[in-house]
Amino acid sequence: MGIELYRIDDRLIHGQVVVGWGQPLNARFLVLVDDIVASSDWEKELYRMAVPPEMDIYFADVATAIREHARYASDPRPGILITGDIDSMYRLVKGVKAIGSINLGGIHYRAGRTEKLRYIFLTPEEEKQLRDLESAGVEVTAQDVPSAHIVPLSDVLAGASR
Amino acid sequence: MSNDTGLPPNTARAIVIGHGDFAAGLVSAVDQICGMAGKLVGLSMLGLTPEDIETRIRGELSRTGAHVIFTDLPAGSATIAARRIVRNDPAVMLVSGVNLATLLDFVFNTEASPLDAARSAAARGKASLIVVERS
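Quick mapping for you: the protein sequence lines, in order, are chains R and G.
According to this note's numbering, the first sequence holds residues -13 to 148 in order.
According to this note's numbering, the second sequence holds residues 192 to 326 in order.
Next up, chain R with everything else stripped away, as it sits in the complex (with noise of 0.2 Å):
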């Protein structure tokens, strides 16, 4: 079992990941990769208190979720990795070598950023991270919900699905 879903989301834990992939999947663990939850406790509990009773949260900073990366890979229980950006999601993938894929579940607008689908907005250098990510082996595409058509990184970079 072990990781099922490598997703980046900038709401973190919600009710697609939660509940939309939680429940086919049936994830009994969450690991929520990001520097700046990770480093306050007021951060933790509010997304612990998202959580149902039956799965389990782990949070850590990208460092330490490399190190303990084959700790959640082995884990006997479906689990789901979240990170909030691409960025965290690159520095982990470097880091493990170990990641084969990645779902892009929601990256909503701010400034500098451009529509690529309705769930998906990107700056020039977030597009680069993925291309990177894709020439290195990993299968990047986006879907925001399992019910959802799954698109594949170059249509996604394309705009070809809005």
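Warning: the hint list may mix true and false statements.
Okay, the calculated beta carbon distance ranges per label pair [said to hold, decoys possible]:
(1) Leu291(G) - Arg14(R): 30 to 38 Å
(2) Ala318(G) - Arg14(R): 30 to 38 Å
(3) Gly250(G) - Val131(R): 24 to 32 Å
Using 25 Å as the maximum straight-line C-alpha spacing, the simulated DMTMM-like pairs for lysine to aspartate or glutamate come out as follows [what the hints assert, rightly or not]:
(4) Lys30(R) - Asp307(G)
(5) Lys30(R) - Asp280(G)
(6) Lys30(R) - Asp42(R)
(7) Lys317(G) - Glu40(R)
(8) Lys30(R) - Asp243(G)
(9) Lys83(R) - Asp71(R)
(10) Lys80(R) - Glu31(R)
(11) Lys83(R) - Glu(-10)(R)
(12) Lys30(R) - Asp47(R)
(13) Lys30(R) - Asp296(G)
(14) Lys83(R) - Asp118(R)
(15) Lys30(R) - Glu40(R)
(16) Lys80(R) - Glu40(R)
(17) Lys30(R) - Glu113(R)
(18) Lys80(R) - Asp47(R)
Quick caveat, the hints were computed from the structure, so don't treat them as lab data.
Built from N, CA and C at the ideal position, the CB exists for glycine as well.
With chain R held as given, fit chain G onto it using these hints.
Just chain G, lined up with the frame of chain R:
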């Protein structure tokens, strides 16, 4: 019609926010049942970042003078945003897991303060969940 808040009877006293058209649907249902949708402001968080959601709720609380936020899911982005607001403002209350019975109790309870009305409404909403099975 008067109340102890000093506000006109149709002034919004709560924000309702949730996934998709959840809030609009609940507010519409309240209006159909009792015509008191003016006491609620329904918001959607579709396409909004967590920061946008928090800003939007803060803006509506400020604009309307409402003191209560009703959200759908404990795990939802709206609930996370609302908890950030409540953390620093003791005059604002969050009720997560809202349903129609909760809102109906809330809008009719104009004699109580918004926070007392929200506490009462939450209890009514919980009690309205029933399971009926063939015996």
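For each hint, the structure was consulted:
{"no.": "1", "hint": "Leu291(G) - Arg14(R): 30 to 38 Å", "result": "holds, 33 Å"}
{"no.": "2", "hint": "Ala318(G) - Arg14(R): 30 to 38 Å", "result": "holds, 32 Å"}
{"no.": "3", "hint": "Gly250(G) - Val131(R): 24 to 32 Å", "result": "holds, 28 Å"}
{"no.": "4", "hint": "Lys30(R) - Asp307(G)", "result": "violated, 29 Å"}
{"no.": "5", "hint": "Lys30(R) - Asp280(G)", "result": "holds, 20 Å"}
{"no.": "6", "hint": "Lys30(R) - Asp42(R)", "result": "holds, 13 Å"}
{"no.": "7", "hint": "Lys317(G) - Glu40(R)", "result": "holds, 21 Å"}
{"no.": "8", "hint": "Lys30(R) - Asp243(G)", "result": "holds, 21 Å"}
{"no.": "9", "hint": "Lys83(R) - Asp71(R)", "result": "holds, 18 Å"}
{"no.": "10", "hint": "Lys80(R) - Glu31(R)", "result": "violated, 29 Å"}
{"no.": "11", "hint": "Lys83(R) - Glu(-10)(R)", "result": "holds, 16 Å"}
{"no.": "12", "hint": "Lys30(R) - Asp47(R)", "result": "holds, 12 Å"}
{"no.": "13", "hint": "Lys30(R) - Asp296(G)", "result": "violated, 34 Å"}
{"no.": "14", "hint": "Lys83(R) - Asp118(R)", "result": "holds, 13 Å"}
{"no.": "15", "hint": "Lys30(R) - Glu40(R)", "result": "holds, 17 Å"}
{"no.": "16", "hint": "Lys80(R) - Glu40(R)", "result": "violated, 31 Å"}
{"no.": "17", "hint": "Lys30(R) - Glu113(R)", "result": "violated, 29 Å"}
{"no.": "18", "hint": "Lys80(R) - Asp47(R)", "result": "holds, 15 Å"}
Checked against the numbered hints listed earlier, the structure breaks hints 4, 10, 13, 16, 17; every other hint is satisfied.
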